[in-house]
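Hints in hand, dock the two standalone chains.
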Amino acid sequence: MTKLHCIFMQGVKKPFREVIDVAWGDAQGAGIKPLTFVRQVLAACLYPQLLDSNRLPTDVKQKARGLLSECHGGSMGSYTDLPGIPQVAREISEYIARRDGGDPPKTGNIFISPGSQWALQNILNLLVHGHGEVRSGVLTPIPCHVTTIESLHSLGGVSVPYYLSEEHGWELQMEELNRALEYAKQVCAPVALYVVNPGNPPGHVQSKKSIQDVIRFALEKRLFLLVDEVYQDCVYADNVEFVSYKKVLAEMGPPFSDTVELASFHSASKGFLGEAGLRGGYVELVNMDPDVIKYACTIFSKDTAPTPGQIALSVLANPPRLGDPSYPLYEMETQQMQTMIKANVRRVHEVLDSLPGISCQPVEGGAFAFPRVDLPPKALQKAKEMGMEPDTFYCLRLLEESGAFITPGCEYGQKEGTYHIRYTLLNDIMLMEVCAINHILINCRHF
Amino acid sequence: FNSIKSENTKRQVQLTFSSTDVHIAKYKNSIYDVQVLSACIYPELLKNQTFPVDVRQRAQTLLDACGERSVGSYTDSSGLNHVRQSVAEFITRRDGVPCSASNVFISSGSQRVMVKLIASGEGDVPTGVLTPVPCRHTLPMMLDFTGVTLEPYMLDKDRGWAVDMNELHRAVNTARGRCQPKAIFISNPGNPTGHVQGRKSIQDVIRFAAAERLLLLVDEVYQEYVFEDAAEFISYKKILFEMGPMYSDTFEMASFHSISSLGECGLRAGYMELVNIEPGVTHFVDTMLCTDISTPVTGQLAIDVMINPPKPGDSSYHTYTKEKEHVKDTLKWNCQKACEVLNNLPGVSCQPVMGGIYLYPCVTLPEETMKQAKVEAGPLYCEQLMQGQAVLIGPGCTRGLPAGTHHFRNSWIKENIVVCII
Chain A
1 MTKLHCIFMQ GVKKPFREVI DVAWGDAQGA GIKPLTFVRQ VLAACLYPQL LDSNRLPTDV
61 KQKARGLLSE CHGGSMGSYT DLPGIPQVAR EISEYIARRD GGDPPKTGNI FISPGSQWAL
121 QNILNLLVHG HGEVRSGVLT PIPCHVTTIE SLHSLGGVSV PYYLSEEHGW ELQMEELNRA
181 LEYAKQVCAP VALYVVNPGN PPGHVQSKKS IQDVIRFALE KRLFLLVDEV YQDCVYADNV
241 EFVSYKKVLA EMGPPFSDTV ELASFHSASK GFLGEAGLRG GYVELVNMDP DVIKYACTIF
301 SKDTAPTPGQ IALSVLANPP RLGDPSYPLY EMETQQMQTM IKANVRRVHE VLDSLPGISC
361 QPVEGGAFAF PRVDLPPKAL QKAKEMGMEP DTFYCLRLLE ESGAFITPGC EYGQKEGTYH
421 IRYTLLNDIM LMEVCAINHI LINCRHF
Chain B
1 FNSIKSENTK RQVQLTFSST DVHIAKYKNS IYDVQVLSAC IYPELLKNQT FPVDVRQRAQ
61 TLLDACGERS VGSYTDSSGL NHVRQSVAEF ITRRDGVPCS ASNVFISSGS QRVMVKLIAS
121 GEGDVPTGVL TPVPCRHTLP MMLDFTGVTL EPYMLDKDRG WAVDMNELHR AVNTARGRCQ
181 PKAIFISNPG NPTGHVQGRK SIQDVIRFAA AERLLLLVDE VYQEYVFEDA AEFISYKKIL
241 FEMGPMYSDT FEMASFHSIS SLGECGLRAG YMELVNIEPG VTHFVDTMLC TDISTPVTGQ
301 LAIDVMINPP KPGDSSYHTY TKEKEHVKDT LKWNCQKACE VLNNLPGVSC QPVMGGIYLY
361 PCVTLPEETM KQAKVEAGPL YCEQLMQGQA VLIGPGCTRG LPAGTHHFRN SWIKENIVVC
421 II
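Read top to bottom, the protein sequences are chains A and B.
Heads up, the first sequence is in this note's numbering, so the first residue is 1 and it goes up one at a time.
Heads up, the second sequence is in this note's numbering, so the first residue is 1 and it goes up one at a time.
The shape of chain B in the complex, shown without the other chains (with noise of 0.2 Å):
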């Protein structure tokens, strides 16, 4: 896939639907986030009236969190102390269950880490993560860079790609004949899918991973793109402490949250909080985190304002809402638009979504095409559509899937998307 992108870069590539990356839509930053930021990287700008006084003080209060008042300077391994409240407090808020900064660790790279972690142990059975399929393309790779086996478990297509319970039965029993199963992988909302859980599923999957003894590693970082009419994001949290002690006090695990949602992909940050885990286990966690060094300063600044908005009386608040607000309508609308005209093409189907920023449609391929292909039908395909009409889309991952089914991952997040193309 990579070497379609990179023979292909010389042409003018028309519309980019592949990749998470916000900026190729040419979408636009909300002001108040790049004005806080460039203020912090560049403290004289807060010398005059350039910017209103809610970024101006925002900054300050940033720049005072950072080592000697610059982030040029390294922070901990873990995070700012600042970020790390910040963070804490934002989880407080929104599942009403105390959170502690200790528990809360901000990194570039915390999920790499976390499965490290599980990895190392002795003896000569592999690890084993039991991941959904379809799973974020970067997936696999990373579980196989750390030296840890992969079982699948389907998601159900034909309700929407939700989480089949038999199925993660059946994934778990399966793995415990090659490896040994020690932790289950879950997205919600799902990438690439869309899927948004309701409470039953998320209690289901709880239940299950306690009953397995696997840690949950959650990604929840479109956790602010859901259409509300579809669906409501609770997080994992959240429930698990609804379902009592027995749980609560118990039960594993690790929630990924990150800026890449917010468009800041470039900044490279995201955290990562940690329930019941040991002390010395987080310790530990803490202690590889230190060969990374730091999470670049201006990226945890980034969560900080993604998590703290402006609120209702400060000067940038009805800017940044309706920028928010029009960037939810957008995707919205185009979600829900070229899954209609997806649907209507012949051999393209595809489930509508509840959130996130992606369209995963299946296309039946003709029988011609699949012979053609010397690996991969679904790639050819990429590749055809790019040569032919300059349009890329991200080849699905047809691991397990049945034969001769392919999907695309398609990112729906550019305005006024000119659909008669496809």
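Looking at chain A on its own, in the form it has when it is part of the complex (with noise of 0.2 Å):
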């Protein structure tokens, strides 16, 4: 993408005006502007003279206050402890309490890091053996987002692919995870089960009872589960509701709830904060034993977060709430995006569903729409002819023709035969719009 950006700005001739990237998850790369309350407490946090001046909110002063005084030396630029802030993790417990109920879980089985996927990595760190005859394996889901997948082989881990149901919904099936791992038992030893709720690419919500189903599956296999919820903030589906593992563990009780483990992953990056570039996130380890949270916490040492990244974790746990100054713009702010985002999914299912050869399913939450694509034969065929997959050949005439940039299904995985399209709807709703308009060209033109 960057190096189409640059030929564009080198001033070479092409169809469109400017490349529209509809492709990544990135809210502010797509022009949505950060809240406003945590570029504040980020500021005064790295310049306290800020604190002196009226330019800031009483909350933003007391916030930020509260963090530097719990930095060494009072400074942002300082290393932090392992978890991080103790204000922060105790911040983040605070919050899984009152989205779970139940007692705040302990700071120690807290693990602030650069982001979700450093999380993730660490935690795959400790499961996965990937020397020798038999090397660990984790189920994947297929569609999945990549990373994950390449942090598990680059570990010399398998994955191994269970297929998420398109006609349901994109649901999570049983009877094919139960075929995934007894497939996984013939190729590697199975440690693990990786699921993404809400989904990426798919914006699939798991429902309570599939919550369940996964926890009966996860205990009588004896796999760790390994829970991505980045998307959590992310739900649009009016029926819809995002409940965490942890809570239906818990719900579940014994002995489910003393015996299965999980670990949870959430990060700054998404959702409304959007704030990928400061790299926050962090893992919730549940039922693992001392001894090896305690190697855990050597893992994690070894790359701390970065402060403005743990500070933004700190706002997303404890937002302004109602009273504090800072509310109503944050209130503002926030219910903006979400108006938006629930019209571009709106809009998604309009324009999609009105294309011939392109379906969706129903978009619930997470930050992608993944429509499927059927081509034609003659589409077929030129993608061979010219050595691609043919969902990237669509990608590639679309950004050719029009400029939008979007991501081809074979990057996620699909099932063999089937073609999709992944596209972000963290986008202004003007930009949706003109990316709707070239999915109608480009259909009518070509395919």
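Since the hints were derived computationally from the structure, they do not count as laboratory data.
Quick reminder that beta carbons are idealized off the backbone N, C-alpha and C, glycines included.
In silico DSS-like cross-links for lysine-lysine, where the CA-CA straight-line distance does not exceed 27 Å:
#1 Lys-302/A / Lys-182/B
#2 Lys-33/A / Lys-47/B
#3 Lys-294/A / Lys-116/B
#4 Lys-47/B / Lys-61/A
#5 Lys-208/A / Lys-247/A
#6 Lys-332/B / Lys-200/B
#7 Lys-247/A / Lys-294/A
#8 Lys-200/B / Lys-157/B
#9 Lys-332/B / Lys-157/B
#10 Lys-208/A / Lys-221/A
#11 Lys-332/B / Lys-311/B
#12 Lys-328/B / Lys-311/B
#13 Lys-328/B / Lys-238/B
#14 Lys-157/B / Lys-337/B
#15 Lys-302/A / Lys-116/B
Covered by chain B, according to a simulated footprint, are these stretches of chain A (three or more residues, beta-carbon under 8 Å):
#16 147–156
#17 297–308
Now the structure itself:
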């Protein structure tokens, strides 16, 4: 993408005026403005002289002072201890308790990292044995964003796919999980099950019953549950609700609640915060052996999360509340974003469902639409001649003709013979309109 | 060591000498740096005269370099183009040798990536890395983590912890018996020794690494902290290119730098320059960095500020220069004074340092203490110092050093050291 952008900036003639990047789940990269409160707190933490001025509301100053008092030397430039700035770890713990009910988790079970993927890599490091005759395996969904799988492979682990069911709104099906596990046993030593909820790229949000089924499966088959819940704040469908794996686990009671080992990941990069550049994420570990947690401490201490990322997490976990001076603006900004994304979801369905050869399962949550594209034989032939996957070919044509940049389904995995495209919903509504129009055009012209 | 720290955090730690973290020592960031960064974070601050003109201009330039003018956006995994370009220009200026931005990688974990790279071979024979003793305390753990064998080479204590070429030869030959040595790690200025290598020493190391076909991994993080009358920092790259095409065209190396030395450890960013690495491998490095997603943007911008400080004529120039000189002078004074004091203590001897931010004194512990320690006497000494005097220092790396000697790592960046406590 960057290469194309460079070519464009150098003035090479293309039919389009500018590249419309609707590929990545990068809200701020797409032009969405950051939340004012986060940036004010961060600026004050970095340059404490601002605390003496009238430029910032009192709750911003209070939060900044609180955070700075727990940083070494009262400065954001310093290293932080594990699991991070104590106040941030506490706030995350309280956030989890508010979300799930029950007692706040011990801060010793929460590890802050430079983004959820770092935390995931560290946990994979604990689980995966990547050498010798029998390597560890992790069941991973198809489709799935590619970073986790790459991390797993870089440790020498095996990824064993289980297919989500497109016809049923991309839901996870237990027969398929069972099939995948049986296959896994032949090629590796399966140790964990990786679940993304809400999904990426498909926008499915798991029901409580589905989560219970997965937990039972994990207990029975002795699998560690790796649950990527970074889009938990992004749920749009009216009759759908996000419920965390941890909450369901606790409600199921013993033997599940005190045996099933679970790691749940969250991040400041997604949702309304969208602070992907600041690098803040965390993992909460449930039912892990205390000795393993000690070792996890050592692993996490190698790469502490940057202080700005931790501060973003602090706002995620403990945002302004009703009555705080910053609340009205915060509420307005988050509402605006919610409204915009919901409108995008509606528009996506309207446009895509009206196009021949394109169909899209309902997007219940997450940041992406993942429609299926039925390409005519002519297109398949052309793609074959060019030595590329048919959906890559579609994306390339779209880019060349209209400047809209999306990603092909082959990068995430899909059933043989099916083709998909992924694009993000975290965009200004006008951008979505333009993109929609382009889809229509390219379809009419070529496919 | 970590348990000593955690058990004692409730006590007021009066003096912490163990860490690289200059903020613990109440070191003030340069005003220019934090103003630029906070304006990038909260661009509203650019709207009036809160900050001087050069700060505002700099922040604008940096924001333009970020996607959609926000530090909250992902960047390419190898870093913002603007920052890579700035680093390339900095290196070119410093060494007088051209550097291409495509060989510069911004990351908060580039050393780990390089070690993983050399470890990722096939076969049963483990990969080895020649590592100095003493070395940075996090290095053995990082090597262990990536499944690489650490093959130590002793630095020469009696010559101020200089590199001993005989020792290097011995180490590589010993290594061949138990692993396949593929790289040599070196720190210049030394961490924790404070030794700054001279021209000849650097040439010797380059020749050695070339002859033994070892990738050179050189950590130059403390290049800003050299005490001029004692020594001069010259980069390995500069020397390499002075040695002519026989070496400069083929010798493979990676050099590392970071903003931790600027005092911004919390922002987590550094860069790596690759020299003479094949494009296919460079591409692979790029890919490996992708699993880290991207380096924190605030850290990337801090790198830019570090290598491109205010110039004469800029509004912030005088203040910035004064602040930097003050830090260097304090450090130099502290190190020299502390070294004197330590050398006057019974059972303690300390090599003078030429650079870096640490002292690495040797303490000969009495027999009873050694017997009393159930594990290592070094950490026991640190623990007692912590409990008795509320002073925290770091136990030294004891691997391979003569029995009965113990070293401790002390960082001397704090102002007005109350030396009598020791």
